[in-house]
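Fit chain B with the ligands to the known structure of chain A by using the hints.
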Amino acid sequence: MAITGLFLISFLIVHLLGNLQLLDLSVEGQEKFNAYAKFMTSFPLIKIISYVLYISILFHAIDGIVLVMQNRKARPERYKSWKPNTNSIWASRNMGLLGTIILAFIIMHMGQFWYQMHWGDIGVDSEGNKNLAAVVIKTYQDGSAGLIFVLLYVISMAAIAFHLWHGFASAFQTFGLNHKRYTPVIKKVGYGISVIIPLAYAIIPVYILMAKN
Amino acid sequence: MDLKLKIWRQANQNTKGELKDYAIKNVSADSSFLEMMDQLNEELITKGEEPVVFDHDCREGICGMCSLHINGEPHGPQNATTTCQLHMRKFKDGDTIYIEPWRSRAFPVIKDLSVDRNAFDRIIEAGGYVSVNTSGNTLDANAMPVPKADADEAFNSATCIGCGACVAACPNASAMLFVSAKVSQLSLLPQGKVEAKDRVLNMVNQMDLEGFGNCSNVGACAEECPKEISLENIARMNREYLGASLASSK
Ligand code: SF4
Ligand code: FES
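Heads up: the protein sequence lines correspond to chains A and B, in order. Using my numbering, you'd call the opening residue of the first sequence number 3 and step up by one each time. Using my numbering, you'd call the opening residue of the second sequence number 7 and step up by one each time.
With the rest of the complex left out, here is chain A:
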């Protein structure tokens, strides 16, 4: 979980930096994004990394499901009175639930954009690149469906925030790194990225929706 988790966080950062280009909604801005999307789907090294990424997501999810099932079995009879909030935070105990929300989001998200980019009939821009920017803008601006997709997006980002709140520092503990000097820093970095990354992501569809008129 720790290795794939940290790798997926590094993906979150790269993916965010690329997609922040969508905040430029001018024609040139959209064409720049389309050129970037073409590069990301055709450059061989990036293709290899994206396959590693798909495998990591699957492994992280399956490993998570196995762990949750084993851990449920480890306590067949539940407590009648149980006050877990006195000794741990909610996110740390609900990584499976949060992960499920995130996985559902990834599937929807890939269906909306990744699938369209590869196999959809989405037309090209004046540079001859597939016009992914137009698909993104339409998805989040298109009437009440657009509003719902923006909402789902924001909720999923909240799930990622809670997932990272526990997950980032937890990965280092799993590797055996727990040190009086470094652990407080690791925790702070974890809390920092778990707020900043999802927030920056959420700004993209919200901004697109608000730029509608």
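Since the hints were derived computationally from the structure, they do not count as laboratory data. Heads up, none of these hints are tricks.
Derived BS3-like pairs: lysine-lysine, alpha-carbon spacing no greater than 27 Å straight-line: (1) B/K26 - A/K85; (2) A/K82 - B/K12; (3) A/K82 - B/K117.
Just chain B with the ligands, lined up with the frame of chain A:
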């Protein structure tokens, strides 16, 4: 003070248990939690009912025998305190108190509130020792230099009394805090370093065989541990386990 108690009653491992209600009057605020249980049992015996079975021994917070999941927390509401050292002044007149056994597949209920914690003993048997020659040529332990910081750290880990509250508190019923404390108290000292690799592999292996859950770094164990064993022990064990599995000759 007068209290309402909801106590888990279960005849044996093979029957289903349930919470039963009891009312107890005139409990002294100065009595310990277990003395309150004694008072209840005396009343039950006088009435000709079965007394409630619970584990206890030293009643001084040092043996690790007492347990009890009290109002949703192992060893009750007071931090760094075993059930035997918990006093009734922590509760208020008229309170309802839930009393349940440790819940873990690896700790089956023997009767009522008493659970079988032999799984811990089997983990110790798997590697929680140092092999020394006792045929007359034993070395004086003090002849072996140990850095003060290591000695202190090992001592802290060794204060684990093996009560199992960590398992009881963990949402995954994982035994990592106990096992890591035992791994640490030995591997930090020169005498324990010799067998460190096999020890960590064997003890972790036995832990998994016993049916404890997996650690997901929730941290409830360290919060509820009456001896305040820290999560650093788990990190140390993870480190050692990783190293030992990569370098193991087997
Ligand atoms: S680590 Fe703490 S809670 Fe766990 S067995 Fe040892 S003393 Fe009890
Ligand atoms: S009875 Fe010995 S520690 Fe509580």
